[in-house]
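Going line by line, the protein sequences match chains A, B and C. Mapping of the first sequence onto my numbering: position 63 corresponds to residue 63, and the numbering continues sequentially without gaps. Mapping of the second sequence onto my numbering: position 69 corresponds to residue 406, and the numbering continues sequentially without gaps. Mapping of the third sequence onto my numbering: position 98 corresponds to residue 717, and the numbering continues sequentially without gaps.
If you're looking for bench data, these hints aren't it; they were derived computationally from the structure. Treat the hints loosely; a few may be bogus.
[Claimed, not checked] With a cut-off of at most 30 Å between alpha-carbon atoms, the simulated DSS-like pairs for lysine-lysine come out as follows:
{"hint": "1", "chain 1": "C", "residue 1": "Lys760", "chain 2": "B", "residue 2": "Lys608"}
{"hint": "2", "chain 1": "B", "residue 1": "Lys612", "chain 2": "A", "residue 2": "Lys131"}
{"hint": "3", "chain 1": "B", "residue 1": "Lys535", "chain 2": "A", "residue 2": "Lys126"}
{"hint": "4", "chain 1": "A", "residue 1": "Lys131", "chain 2": "A", "residue 2": "Lys108"}
Given the structure is predicted, the values throughout are model-derived calculations rather than measurements.
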Amino acid sequence: MAAVSFRDVRKSYTAELQVIHGVSMEIEDGEFIVILGPSGCGKSTLLRMVAGLETISAGEIAIGGRVVNNLEPKDRDIAMVFQNYALYPHMSVYDNMAYGLRIRGLSKEEISVRVQKAADILELEKFLERKPRALSGGQRQRVAMGRAIVREPQVFLFDEPLSNLDAKLRVQMRAELQALHRRLGTTSLFVTHDQVEAMTLAQRMIVMNAGRAEQIGAPLEIYAKPATTFVAGFIGSPPMNLIPSKREGRDALLGVRPEHLAPCGRGEAMMTVDVDLIEPLGSDTLVYGHLGANGAGARVAVRLHQSVDARAGHLAVRYDPAQAHWFDPASGKRIEQ
Amino acid sequence: MVENRPWLTLFTHAVLLLGVAAVAFPLYVTFVASTLRLEEIMSVPMPLVPGDQFLANYSQVLAAGGTTGSKAPVSTMLFNSTVMALAIAIGKITISIIASFAIVYFRFPLRNFFFWMIFITLMLPVEVRIIPTFKVVSDLGMLNTYAGLTVPLIASATATFLFRQFFMTVPDELAEAARVDGAGPMRFFRDVLLPLSKTSIAALFVIQFIYGWNQYLWPLLITSEESMYTAVIGISRMLVGGDAANEWNLIMATAILAMLPPALVVVLMQKWFVKGLVETEK
Amino acid sequence: MEKRVVFRSAWLPYALLAPQIAITIVFFFWPAVQAVWFAFQLQDAFGLHTEFVGLQNFEALFADEHYLGSFRTTAVFSVLVAFSGIAISLLLATMADRVLRGALAYKTLLIWPYAVAPAIAGVLWAFMFAPSIGIVTYVLKGMGVDWNWIIQGDQAMLLVVMASVWKQISYNFLFFLAGLQSIPKSLIEAAAIDGAGPARRFWTIVFPLLSPTTFFLLVVNIVYAFFDTFGVIDATTQGGPAQATQILVYKVYYDGVKAADLGGSSAQSVILMFIVITLTVIQFRFVERKVQY
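Okay, chain A solo, but in the shape it has when bound:
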C-alpha cells in the first residue's frame, strides 16, 4: 500500500493537442479515489498514466514516494482492472490469475495459495478450470479483479470496470468492491462516468472536465458546494437548476437543486414555474418547466415528494436561501458567500 502524488501532471500528443492540463493531487495511503467525468475528459488517460500505459508529458507521478514517470508498468507495483476485463481468452481462470505471478517468478505453491485466496474472496472456486468465454459478465468481472488482487500491489487501478454490466449486477458489484476495499485497504483509483458509482464508492473524488480537475473533494462536500457550474450540472440528478439572475447589482447565476425547491402558496412564491412535463416516479415526482418573464424563460426542474395536479399549469415554489448557490456567469466559478 502506498500514497500516490500527482504534481502538475500534463499530457499532450502534439504541441496543439493537450489532453491533460495540469492535475495536482495527493492521495493518501489506503484511500479510495474516484475520477469522475464525461467521456473524453481525460479521466482514463490520467489513470493510464499512473499505470504506465501512457507517457507523462510533463509533471510527476509518484507512487509510495517514488517517481514512476520512466518506469515500465511491471515495475510500478500496480494492478489494473480493464473495462472489457482483458482476460486472456485461451487461459483458464486459474491461469489468468496466475500469469502475472509466474512472470514474477513466484513458486508454484505461493501462486496456488494466492490464487486460492483470491478465488475464495471472490467466490470463484468453482470456476478456476473454466475458460473466460464460459463465464457470465459478472464472473468475468470477478476474475479481472482476482487477477489484480493476487498481485498484492500497492495501488489498484480500475478503468470503468462496471460499465459493461447490467444495472442490477452493477449495484451488486459496487457493494462487493466496497467490501473488498474495507478488507484489503489498498489504495485505489477508480475511473467512471457514472455519478452514482462515484458518490457511493469514493472517499474522495476528482471531477474532471476537458483535461482539468474541476474539483477534488469528498462526495457530499462536492454535492453541497460545487466549485463550478460544470460540477453543479454533473453531480445530482436531475442537475442543478441554473437561473440567470442578479446578485449585489451584478449578473450572476443562481443555482438551486431540484430537490431543494418546495411548492408553496402564491403569496410566498420565490418563483413560478410554467409546467411543461410531469414525470411521476412513484417515490417522488419530477416537474419540468420554465420560468415566466421575470426568470427570462430559464428551464427548471423540481423534485416533489407528493403528487401534483397535472392540470395546474403553474407551480409556485420557494427555497431556503442557505441552499442557494451563486456562480460567476463568465468564469462559471462559485461565488463564496
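Please arrange chains B and C on chain A, whose structure you already have, making use of the hints.
Relative to chain A, chains B and C alone:
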C-alpha cells in the same frame, strides 16, 4: 428457402449433381486409366471401369517411375514435394508472423518503409521476374537444392497481411494487461498472441501447403536433376511424345499420387481451408 | 488503424523483420531491378557482350507481330477463363445455397479441384481430349466433330480454357457461397412477401448484393489467367499450335529460357509488372471501397 416448390428443388439438385459430375469426371477417368494396361487405354475407346493393374502400375511408378521417359521414382518426387510444401508453409508462416508482430506492436523508424516493401512484393510474382531470379539463385549456388526450391518462395505479403489483420482485432487491453502483468514483448507474443493465432495459422498452413505442393514454374527452372524433381514436375517430364507414345497408365497413376496429399488436406481440413482462403484475400 | 499500446525496443522489431526483408530484397527487389536493367540492354548470342540500347527492346517487341498476337491471345484467354469460371461457379453456389439437404456433401465434392496443381489439371484434360485415344475425343468423333487440338488452334485454346476453368471453379464457388450466406435471410423474405419470385429475387436482390464479391473474383480470375495458368499451358499445348495458346507469361518463359533472349524477355517482364501493378491497384481500390460500406 422461402417457398416450397418441388420442381425447383429438383432442378437445384439436378444442377448440383451435373456440376459435381463435371468436376469429378476427369478424376474418375484418371483413376480408371491408372488401373489399366497401356494397351487397354490405346484401344479406343478406353474402358470406363477400373482394371486390374492398380498394384502393378502404382508400385512401378513409386519404385522406378516410367519405363520410357523419366525414370525417377515417384516416391522420391513425393518426398521432394512434401519437403517443399512443408518448408514453404512453415517458413512463410514463421517469417510472416514475426514480421507482422513487429509492424503491429512496435513503433520504430522506417516502419512504414518496411511495410511498403513487403506490400510491393504482391506486385512481383515469380512469373514476371523469371530470368533474373533464376540468375540470383544460380549465383548463390542454390540450383537443385531444397533451399533453392523453397527460400525464394517464403516471403509472402499475403500471409503478413493476414496476421497483421488478425493482430489488429486482438483487443489492445490484452497487451496492456500483459504489460501490467510484467510480460515483455516476446513473452506476450509466445504466451498470448501465438495461442490466439492458432486458427489463423492452421488456415494459412492449408493454403500454403497446397501453394507449395502445386508449384510448377519455379521447380521447373531450379531443378535439372531427377533426384530433385517434385511430383508435379515429374508428371510433365513423363510426357515424352505425342499422345499415343505416352505411358498414360503410369502418368495417370502418378497424377493420382500427386493430387492425393493436397486433396486430402483440403477435404480433411475443410473448415480451416475455407477460412484461410476467404480471409487471406480479404 | 494503429495499436494504442506498443512495446519499446531499439533492436527487436528490426530483428523480427530481418528474415522477411532479407528474402524480399534478395529474391524480389534485386531480380526486379535486374529485369528492368536487362530490359534496356542487348546481349549478343554468346552472352559475351552487352550494350545499353534504351527503349530498343520495347520498340522491337511492339513491332513484333508474335508479341502483339500474344497480347490478343492473353486477352481472349483471360476473358474466357474469367467469365465462364465466374458464371459456372455463381450458378453452382446459388444452387448450393438453396439446398438444405446435402449442402456439405456438395460443397466437399466441389472444392477439391482447388488442390489440383494447374499442370496436373492440364495433363488430365489433355488425356481426356487426346486426339487419338481420348475418351471425350471418341465421343466427339461419334458426333461428327473433328477434334485435334494439336493441329487446330481454336480447339487448343478451348482445351486450356476448360482445364483452367475446371481448376478455378472451386475457388470462385467458395467465395460466392460465403457471399450468398452473408446476405440476410430477412431481405430475401421481404422480397418474397413483396411478390418477387426466385429468379426475380436473384437478379434484383441477390446479384446486386453480390457485386463486390463478383468484382473481386473478376480481378482474381484475370490474375489467375495471366499467371497461374502457366502450368496448364506448359503441360498441354506449350503455347502451340502456332502460338495459338501462347499467353504473355508463357512467351516470357519461352523467350527467356528456351530462346535465351535476355533483353527481349526482360522487357516483357517489365510490361507484365506494369500489368500486375495495375491489377493490384484496382483490387486494393476495391478493397478500400468495400471497407467503407
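Evaluated hints:
1. The hinted pair formed by Lys760/C and Lys608/B fails the criterion: a straight-line CA distance of about 43 Å is larger than 30 Å.
2. For a cut-off of 30 Å, the pair hint linking Lys612/B to Lys131/A stands: about 24 Å separates their Cα positions.
3. With a C-alpha separation of about 28 Å, the suggested pairing of Lys535/B with Lys126/A holds against the 30 Å cut-off.
4. Only pairs whose Cα atoms come within 30 Å are accepted, and Lys131/A paired with Lys108/A is accepted, the gap being roughly 20 Å.
Hint 1 from the list above is the single one not met by this structure.
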